[in-house]
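Engineer: Read off the chains here:
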Amino acid sequence: MSGTATNGRRVVVTGIGVVSPLAVGAELTWKRLIEGQSGIGRITHFDPSELPAQVAGQVPDGPTAEGGLTLSDWVPVKDQKKMDRFIHLGLAAAIQAVEDSGWTPEDEDDRCATGVMIGSGIGGLQTIYDGSLTVSSGKARRLSPFFIPSALINLISGHLSIRYGFKGPNHAVVTACATGVHAIGDASRLIQYGDADVMVAGGAEAAICSLGIAGFCSARALSTGSNDDPTKASRPWDKDRDGFIMGEGAGVVVLEELEHARRRGAKIYGEIGGYGMSGDAYHITAPAEGHNGAFRAMKAALRNSGGLTTADIDYVNAHGTSTMADDLELDAVERFFGDDAKRLAMSSTKSAIGHLLGAAGAVEAIFCLQAIRDGIVPPTLNLDNPARDSVIDRVAHVAQQRKIDVALSNSFGFGGTNASIILKRFKD
Amino acid sequence: MSDIADKVKKIVVEHLGVDESKVTPDASFIDDLGADSLDTVELVMAFEEAFSVEIPEDAAEKIATVKDAIDYIEKQKAA
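Sequence lines, in order, name chains A and B.
With full-length UniProt numbering applied, the first sequence corresponds to residues 1 to 428, in that order.
With full-length UniProt numbering applied, the second sequence corresponds to residues 1 to 79, in that order.
Worth flagging that the hints you see were computed from the coordinates, not collected in a lab.
All values reported here derive from a predicted model rather than from experimental measurement.
Quick list of in silico lysine-lysine cross-link-like pairs, DSBU-like style, CA-CA up to 30 Å:
| hint | chain 1 | residue 1 | chain 2 | residue 2 |
| --- | --- | --- | --- | --- |
| 1 | B | Lys9 | B | Lys62 |
| 2 | A | Lys81 | B | Lys67 |
| 3 | A | Lys139 | B | Lys77 |
| 4 | A | Lys81 | B | Lys10 |
| 5 | A | Lys81 | B | Lys9 |
| 6 | B | Lys10 | A | Lys82 |
| 7 | B | Lys10 | A | Lys78 |
| 8 | B | Lys67 | A | Lys82 |
| 9 | B | Lys7 | A | Lys139 |
| 10 | A | Lys139 | B | Lys10 |
| 11 | B | Lys62 | A | Lys78 |
| 12 | B | Lys9 | A | Lys78 |
| 13 | B | Lys67 | A | Lys139 |
| 14 | B | Lys9 | A | Lys82 |
| 15 | B | Lys7 | A | Lys81 |
| 16 | A | Lys78 | B | Lys67 |
| 17 | A | Lys232 | A | Lys403 |
| 18 | A | Lys139 | B | Lys75 |
All chains should be modelled from the sequences, with the hints used to inform the complete structure.
Structural biologist: This is the structure we're talking about:
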């Protein structure tokens with residue numbers, strides 16, 4: 001990005017929070033991910049036996065110390081029923097991120113310089129389902145006064161701001177499965193433009209309910225062939241893949257203007273190195289041949305990276321949903337990287353946690369930061385027989401040790417919306 | 001205490017997440033028990049459901065304390 005509007009303001013990540021099918025907690029999720037564990041199992045949130053897709057990545061219940069979800073550790077009991085599950089999961093990740101960052105605004109100026117941008121792809125689907133049953137059974141007057149604020153997507157941002165007194169920009173992104181990347185990218189720009197010094201940004205999703213699974217089944221988007229072998233169901237690029245696996249959870253980062261982070265001695269996970277967007281203008285659910293939209297999003301991310309080239313990028317966390325579109329993304333990545341594709345590692349972590357829809361891009365951006373920090377590329381599980389060959393190392397089955405200074409994460413959503421974000425090692 | 005009073009108290013404890021000892025007859029839902037305006041709407045709905053009574057909006061607005069709720073419901077049930 002050029003011009004005076006940004007005043008050269010750099011944006012770094014100083015806090016991370018994850019709620020995933022592998023664990024509640026960014027570090028435990030990461031540990032289990034690089035061990036090759038899978039978070040996919042038979043659906044227990046409801047009885048899925050009437051539906052063709054019966055497996056998903058559900059957040060495990062259990063003690064917080066063991067990586068399970070104990071909701072009362074995050075949301076007071078009396079407030080829980082005022083929020084859909086996607087808000088519960090979003091708050092759990094956001095609270096982790098804020099506490100990890102150590103940022104506590106001390107005065108009104110600080111509070112006004114701290115904003116929130118946490119979105120969701122779908123929002124309170126189970127709440128809407130339950131509410132419509134109440135109305136259709138003739139009890140419209142009994143509909144809870146919390147029905148609307150429970151279902152609204154921007155209410156994670158709302159609740160978080162109330163909890164911590166964050167009075168800066170309060171916003172929420174809704175771009176289906178690209179939500180998480182758009183939230184982090186757009187929030188970074190708010191910091192670059194001086195609208196805030198700190199932004200808490202990310203995405204959350206909890207659509208593993210009968211309406212959500214039935215809807216994606218009808219769109220023929222979900223895997224139906226591995227109901228008896230759930231951990232094998234999500235298999236990006238494999239020739240036997242047959243659809244995506246729904247996951248639930250949330251990913252949230254604390255973004256901070258570099259000098260602000262330095263002044264308070266904050267721990268820095270990495271820097272936002274670039275961000276690009278595009279639209280397909282093609283079809284509501286399918287990308288076009290060659291996935292030109294993905295190509296243009298990656299190109300746009302590089303264009304405003306301050307001089308990075310494809311040779312600098314060591315790792316791509318692919319959108320890679322375990323659908324036919326995987327190979328179209330592969331086409332676009334190969335074309336974009338050209339000769340540099342040979343030295344690239346690319347994996348799809350959806351093989352382990354499923355597709356977290358509006359949370360996916362945020363969780364995957366956090367994985368990129370952890371990969372940079374630890375020098376480890378997470379694996380693509382179940383890639384037994386690639387549907388087609390590629391010069392790109394897709395990190396089948398087991399994690400790899402590799403020096404990673406720069407990583408790129410792709411997310412694409414229904415409607416033909418594409419976003420790419422570059423995360424890089426922080427250097428003075 | 002009447003059955004109605006017991007049941008009202010139980011609903012208040014459940015919906016507002018407050019300690020039973022705080023739910024005294026004179027306790028105000030908003031001033032003493034931490035409710036906001038949406039909480040009071042939901043409380044009234046819960047009373048309607050539990051006691052099979054209709055509480056019109058103008059009556060609901062006058063129910064500010066635990067005792068107000070008990071009195072209103074007892075009157076409706078006696079009628």
